[in-house]
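Chain A is fixed; fit chains B, C and D with the ligands onto it per the hints.
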Amino acid sequence: MSRAAVLEGGARWRAAASRAPGVAYLLAALLVFFALFGPRFASAPNLLNIGIQSSILLLLALPMTLIIMAEGLDLSMGAVLGLAGIVLASALVAGYGLPAALGAALAVGLVFGVANGLLVTRVGLPPFAATLGTLGAAQGGALVATGGQSVVGIGPSLPALYASSWLGIPFSIWVAVAAYGAFHVLLYHTRFGACVFAIGGNRDALALAGVRVHAYHAAIYALGGLMAGFAALLLTGRMNAGHPTAAIGMEFDAIAAVIVGGTRFERGYGGLPGTVLGVLAVGVLKNGLNVLAVPSSLQVASIGLLLIAALLVDSIRGRS
Amino acid sequence: MTAPAAWPLRMPSIGYRLLGVAALCLALALATDAFLTLPNLLNVMRQASLTFLIASGLTLVIVTAGLDLSIGANLGLSACFAAAVIQASGSVLLGAAVGLASGIVIGVMNGVMVTWLGLPPFIATFGMLWMVYGVNYWYMAGTTIYDFPQGFRNLGSGDALGVPVPVYLMAASMLVGGLFTRYTTWGHDIYAIGANREAARLSGIPIRSRLMLVYTLSGAMAGLSGIVYLARLNSAEAGMGDPLLLPAIAAVLIGGTSLFGGIGTLSGTFVGALILTLTLNGMNLLTIDTNWQPLVMGVIVLLAAWLDASTRRRAEARA
Amino acid sequence: MERAPIQEPPARAVPRVEMRGISKRFPGVRALDDVSLTVHAGEVHMLVGQNGAGKSTLIKVLCGAVHPDSGEFRIDGRPVRIESAADARRLGVAVIFQEFSLVPHLDIAQNIFLGREPGSRFPGVVDRRRMHAQARALLDALGMDLDTRLPAAELGVAQQQMVEIAKALSQNARILVMDEPTAALSDHEIDRLFARIRKLKQDGIAVIYISHRLREVFTIGDRVTVLRDGRHAATLESARTDMAGLVRLMVGREVRTHRRRFGESAGDIVLEVRDLEAENGVHGIGLHVRAGEIVGVAGLVGSGRTELARAIFGADRVLGGEVRLGGQRLPGGPAEAVARGMGLVPEDRKESGLALTRSVGDNLLVAALPRIFPNRWYRFGTAARIVADLIARLQVATPSPGRLAKFLSGGNQQKVVVGKWLGAGVHFYVFDEPTRGIDVAAKAEMFGLMETLVGDGAAVLMISSELPEVVALCDRAYVMRDRTIVGELDRRDLTEENILKLAMHHE
Amino acid sequence: AGGGDESDAAGEGRETIAVFTKNQTNPFFEVVRTGAARGAADMGADVVQYIPTRPDNIPEQMSQIEDVVVRRPDAIVFTPVDTQAMVPGVEQVNAAGIPVVNITDPVLGGDIVSFVGCDEVTLARDTGRYVLERLGGAGNVVILEGVGGSVNSNNRVSGFMAAVEEFPDVTLLASQPGNFQRLQALQVMENLLQTYPEIDAVLAANDSMAMGAIEALEAANRPALVVGLNGTQEAIDAIKAGTLLASGDCDGFNHGCLGAMAAVRHVRNLPVPDEILIPITVVDETNYQPLDIPLEERMCPAWETFAGE
Ligand SMILES: Nc1ncnc2c1ncn2[C@@H]1O[C@H](COP(=O)(O)OP(=O)(O)OP(=O)(O)O)[C@@H](O)[C@H]1O
Ligand SMILES: Nc1ncnc2c1ncn2[C@@H]1O[C@H](COP(=O)(O)OP(=O)(O)OP(=O)(O)O)[C@@H](O)[C@H]1O
Ligand SMILES: [Mg+2]
Ligand SMILES: [Mg+2]
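Chains as they are written, first to last, in this note's numbering: chain A, 1 to 320; chain B, 1 to 319; chain C, 1 to 507; chain D, 1 to 309.
For the record, the hints were derived by calculation from the structure and aren't laboratory data. Fair warning: this is a prediction, and the values are worked out from it, not measured in the lab. C-beta: ideal position from N, C-alpha, C; glycine also. One should not assume that every hint holds.
Stated by the list, open to error - To be clear about the criterion: a stretch of chain A counts as covered by chain B if any three or more of its residues have a C-beta under 8 Å from a C-beta of chain B, and this derived list gives those stretches:
| id | stretch |
| --- | --- |
| 1 | 252 to 262 |
| 2 | 298 to 304 |
As the list claims (entries may be wrong) - Cβ-Cβ distance ranges computed for the label pairs, FRET-style:
| id | chain 1 | residue 1 | chain 2 | residue 2 | range |
| --- | --- | --- | --- | --- | --- |
| 3 | B | LEU41 | C | ALA153 | 57 to 67 Å |
| 4 | A | ALA29 | D | ASP237 | 44 to 54 Å |
| 5 | A | GLY181 | C | GLU496 | 54 to 64 Å |
| 6 | A | ALA29 | D | ALA41 | 34 to 44 Å |
| 7 | D | ALA95 | B | VAL299 | 37 to 47 Å |
| 8 | C | TRP377 | B | LEU41 | 32 to 42 Å |
| 9 | B | LEU30 | D | SER158 | 29 to 39 Å |
| 10 | D | PRO223 | B | LEU30 | 26 to 36 Å |
| 11 | B | LEU36 | C | LYS406 | 37 to 47 Å |
| 12 | D | PRO197 | B | LEU18 | 27 to 37 Å |
As the list claims (entries may be wrong) - Pulled a few chain A residues facing chain C out of the computed Cβ check, cut under 8 Å:
| id | residue |
| --- | --- |
| 13 | VAL185 |
| 14 | HIS189 |
| 15 | THR190 |
| 16 | ARG191 |
| 17 | PHE192 |
| 18 | ALA194 |
| 19 | PHE197 |
| 20 | ALA198 |
| 21 | GLY201 |
| 22 | ASP204 |
| 23 | LEU206 |
| 24 | ARG267 |
| 25 | TYR269 |
Isolated chain A (complex conformation) (with noise of 0.2 Å):
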């Protein structure tokens, strides 16, 4: 009884081993080449800021795994989340209290997260253009609100906040894995998760199943929105202030870790621990090449590569 379980318990870990994306190789080689070659790349607090450096584009790439498994798409997330940001800072100035001005963050996040699934849901828009207007939006309402300008004199609290530790870990890496933790349930094990495998793998099965399709999948932008209004706690955290354009861009990097941690655009293939290693592996890549002092126009160009070898090492062992 129990040989059998040990060697059924081998056996998931070759298939897990297998299913692995390339991507958790490039990371593997990545730590033991810095780690060797970086100084105090192995230091505990170097690898604490890599969790730190990693949070928030995790925060993001979350609910983007699960939009991506829908066969969508979520272009307007970093744009939501510098308004959402722009918006906590200002609650905050004004004298509301941290709950209070979160609580603002996500609202903002959620109404661009329904007006997303919304169109794509009801409007039936494409993803890309749907979520390419409303990026649009909040960016313009940001830069609109602000007038461009940094939104400062936050008060205390927040700083105070993401600058707080506990055993040891900061503020930020724990909102990190407790959103990790929260995704897993829900993904793997909530009614919620299996339609998003369902949306994304087989829509029509799931019609057939009674569900209400449409409810589902806009609920799957709406947790976007949502995310990255609450992603804008951390952000503002980290800048002591808010800011109309710093996440600009941010939602490439979080598709592209999706997709480098081996969720596809197709038939609701994918999940969170790929992306987690996609996000890691840029953290660490970035990271690492900056404690090597590499000079910056090789570090843009190691990106590039990295997301692309991990693509290569996916697409070769598919073949194989």
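Using the frame of chain A, we list chains B, C and D with the ligands on its own:
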């Protein structure tokens, strides 16, 4: 139009878009005296032509249900290479050839990644974007190359017979592109691939060589645009293509090309570029805060997408 | 219009399900025309009819997936409205669909309970332990020894079908609908399924059972309703009818199996395949087709016939062996195959046969462009002429060549897929399930077309699950099992029994 | 001679200075970086350059700061991509006990050893005044702003405004953002030329935009006086060619030089003033010569030139 000309159904709602252009023109003519002057209209045409040049290759890529995010970076690198060669050799022709070649090489690499290596176009070209920027940052090392012979600069900022030179380039590429997409079997193959890649493959269309062609064309148009922008700006720097990517995508989408593939035209993209330019031109003439620009652009993209979603079904059912 | 006889069983309790006057039109097709159906508790009601007769549509109406244009329902005598799948579920209707409705990256248990996952103490969170235990129990009852954590993507067709059945059974439905549940199953699995159905009968469940295997009408059915071209043809007690009678009702005339006039002279070998092995799993394939021949490929669903066709055509990567067309070896790849004169009519015409969002004209020309316009210059006048000619020749029912392919009926779509090869100058055709989902008339036309083709010296390889078609139409047939050819039957030996014997052989 | 040994052996004597700049696209920062490298080399120290991979990206510069804190350079020479949003970054560096010299753009918080830069308001005002005097104190002008809302742009625009207000006969026609970018400035200028039949001078918040404006003016054949800010090589060449009237310069090379020097001096416990203001010059055809030498050949001034107590 006769019946046969109607059946490659590629863009059903161009009428509405032209209506939009007319409405924009009318509104601007009423709102400002400066709009309805010949210099301003030529000015609008010049700006729209430049946007069209970048967006034209992208249109074909999107018709095949692909994407090319590297065009902005590609444009920048081509301009920088061309600039460096012109400065070093004094030969405008050589410089232009090198710029175009650089664009084509990047296009070919995109094509190889998408067809032979089977990478998803979104991320493959996004990765290419980073690599191209890396090369360009390294090559330019934070400098600007500027000051070119007047003859070369006319390519971007000059007029011929009172019409801006880029407008001729636009007209030429629209003519050639239009003939290519409409009157050659390659063009028809591209639409077939975009509409259903597997069916096209099983119909004997050589998918890989057609896609290679399209990505190469996209790279070549980015390279060409790089040269024209160089001539227009009289200078090149590494980041110059960055702000041009999203407007190019927006122009393609506003022009009615579908990201699902198989639907779209170059003339639509030109109308899209025109709508974008008119809007921005109008906002400038009315001295509206530029911070409003992203919002207005977003709304136009949404309107165009909504227009297609609501009219396409009816137009198709009528056929 | 004469009304077909409806035999009511001796007055029992109110029927479990009553459907009255159901009509449904699709663009170009009248799928259902004033159909009525009554099923009692504890009854297995068979639904038979030719392809496209409207069986699947009728049950889709019952389960809320398709909205009828008119008609009414009663369940246990009470009038009900079924607007959505959720409504149907609430009313106790469970369906096993003909097209698989599994989600590839969910595991078996998740698929079985999709949309009805057992909840835990936390709202929205699924009690996975309970879900897997229940799934286990369901699979055990069907005698299936599968890990409930396996994703559906890793299951074979038969296993998928069993999961579908488990999914329907898990709903504790009062009305269970099965649309061709045995199409992919072996005898052993069918026996278990039937045992299960008998048990359900005892529990007082109403079962509607669609099948093309007419024998099942007599083994498991109590009554049988025959649909013909979307109309109700008859409802009979199973015990009071026989196979010949059923077929007559289905076809609407005396049994007229399509008999081809077989030409004596088969020509030269057009296609020769030796030792073919492909990435998709087919292996050890050797076959040949002569000019003027229609050669069948038969086998059970999942036996690898489609894969064979794709390997020959070069659509899937070939690992070994060779394919010779007209004596020349094909280098592989559809482009080369087409250039040398081979055309494939794939089984999933919507996925890989047609561009649904393109016009009929574009679809008809897509393969022919290099031949019609050798200098690559597209002339609309020529194109229009050729398209008009093809439309007339194939009698494609379309209002204009500009009509999008997605608006055509199945039979007309199929004609377009065949038509694209006519213009391309192809002399060797592979037809994969050419009659799937097309109506009686279109089927006859399709057969006529194939005969014309071979009459003109072309050669045809035809894959079909309809054994009578194979028997009626083919000069010879190969039979496949486990992705390889297990036998060849020539004209004399070509009977349904012989095909099945080879196809089903149990070791 | 292994690379690792070098840093160890030299580690005793040579300090490592980390230099942060905003992007690798604006030529001004290349000048700053070169100056910093030269200044450090003059004092026998090494520099490592950090530039965000995306131009002016706030979270990325924040990450680079965190990474550099791990590497522990002896000092940091810092140009914030955003004056406000980088305050927590500086505070982190403070917490790690690494001295920070702030150059070019002020960072509005944290402890810094010294600020090296110039008064941008005055820079713009003087340059504006220069062109308006050339106009004879009367005429129609437009201002090309930088990135809307950035402190940089705000300071420069308010300097221009101050100059305009000094001349009652000067009319400000429009003040439009060109995002410090040549293409945008060019297009904005083209459109402004349609709206206003008479434009006598253009005050651009940096040289790139000035050059873009010149392109537009030349294409329209509408001569006007144009000034920019930063004194880039391109501007110098344009001044020589007579297309650009003047460029307000606050020598980026010296920002780099003195920033690096101040950092090294601080590490060596030498005195460093709280603020080193680089003098402003309005560069025109009479006084461009000192700037008109290739970047590689430029030398850092002696410390005392600007920072003598
Ligand atoms: N969604 C649809 N749109 C258009 N036509 C349809 C649709 N569904 C079914 N049809 C058409 O309605 C007719 C009846 O189809 P149905 O699937 O009910 O037949 P069936 O009796 O189940 O056939 P089979 O034995 O092949 O499963 C066919 O002509 C089919 O092409
Ligand atoms: N709908 C499907 N979903 C998942 N896998 C399938 C499906 N159809 C076929 N397969 C897989 O492909 C194998 C070969 O099946 P395929 O259907 O191609 O054979 P076939 O003999 O052509 O049968 P048919 O054409 O009647 O479906 C099956 O064993 C199965 O594993
Ligand atoms: Mg059916
Ligand atoms: Mg098949």
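Taking the hints in turn, this is what the structure says about them:
Only residues whose beta carbon comes within less than 8 Å of a beta carbon in chain B count, and the stretch 252 to 262 of chain A has 5; three or more means the coverage holds. For the stretch 298 to 304 of chain A, the assignment as covered by chain B holds, since 7 residues bring a beta-carbon within under 8 Å of that chain's beta-carbons and 3 suffice. Checked against the given bound of 57 to 67 Å, the beta carbons of B:LEU41 and C:ALA153, roughly 58 Å apart, stay inside it. At about 47 Å, the CB distance of A:ALA29 to D:ASP237 agrees with the hint of 44 to 54 Å.
A hinted range of 54 to 64 Å for the beta carbons of A:GLY181 and C:GLU496 is consistent with their spacing of about 59 Å. Checked against the hint of 34 to 44 Å, the C-beta distance between A:ALA29 and D:ALA41 comes to roughly 36 Å, which is consistent with it. Our hint of 37 to 47 Å for D:ALA95 and B:VAL299 holds, since their Cβ atoms are close to 45 Å apart. For the hinted restraint 32 to 42 Å between C:TRP377 and B:LEU41, the CB-CB distance of approximately 36 Å keeps it satisfied.
Restraint check, B:LEU30 to D:SER158: a C-beta distance of roughly 35 Å satisfies the suggested window 29 to 39 Å. One distance hint, 26 to 36 Å for the beta-carbon pair D:PRO223 and B:LEU30, holds here, with the actual separation near 32 Å. As the Cβ distance of B:LEU36 to C:LYS406 is approximately 45 Å, the hint placing it in 37 to 47 Å holds. Checked against the given bound of 27 to 37 Å, the beta carbons of D:PRO197 and B:LEU18, roughly 31 Å apart, stay inside it.
Restraint check, A:VAL185 versus chain C: the minimum CB separation of about 7 Å is within 8 Å; hint holds. For A:HIS189, the interface hint holds, since its Cβ comes within 8 Å of a Cβ in chain C; the closest pair sits about 5 Å apart. Taking 8 Å as the C-beta cut-off, the interface hint given for A:THR190 holds, the closest approach to chain C being about 5 Å. Of the supplied interface hints, the one on A:ARG191 holds, with its beta-carbon coming within about 5 Å of a beta-carbon of chain C, less than 8 Å.
Given hint, A:PHE192 at the interface with chain C, holds; its Cβ is 6 Å from that chain's nearest Cβ, closer than 8 Å. Because the closest C-beta pair between A:ALA194 and chain C is about 5 Å apart, less than 8 Å, the hint holds. Checking A:PHE197 against chain C: minimum C-beta separation of about 5 Å stays under 8 Å; hint holds. Residue-level restraint check for A:ALA198 holds (minimum Cβ-Cβ distance to chain C is 4 Å; threshold 8 Å).
Annotation: A:GLY201 was flagged as interfacial toward chain C, and the flag holds, the nearest CB pair being 4 Å apart, inside 8 Å. Nearest Cβ of chain C to the Cβ of A:ASP204: about 7 Å, under the 8 Å cut. The hint holds. About 7 Å separates the beta-carbon of A:LEU206 from the nearest beta-carbon of chain C, less than 8 Å, and the hint is met. For A:ARG267, the interface hint holds, since its Cβ comes within 8 Å of a Cβ in chain C; the closest pair sits about 6 Å apart.
Interface restraint check: A:TYR269 against chain C, minimum CB-CB distance 6 Å, threshold 8 Å, status holds.
Checked against the numbered hints listed earlier, the structure breaks none of them; every hint is satisfied.
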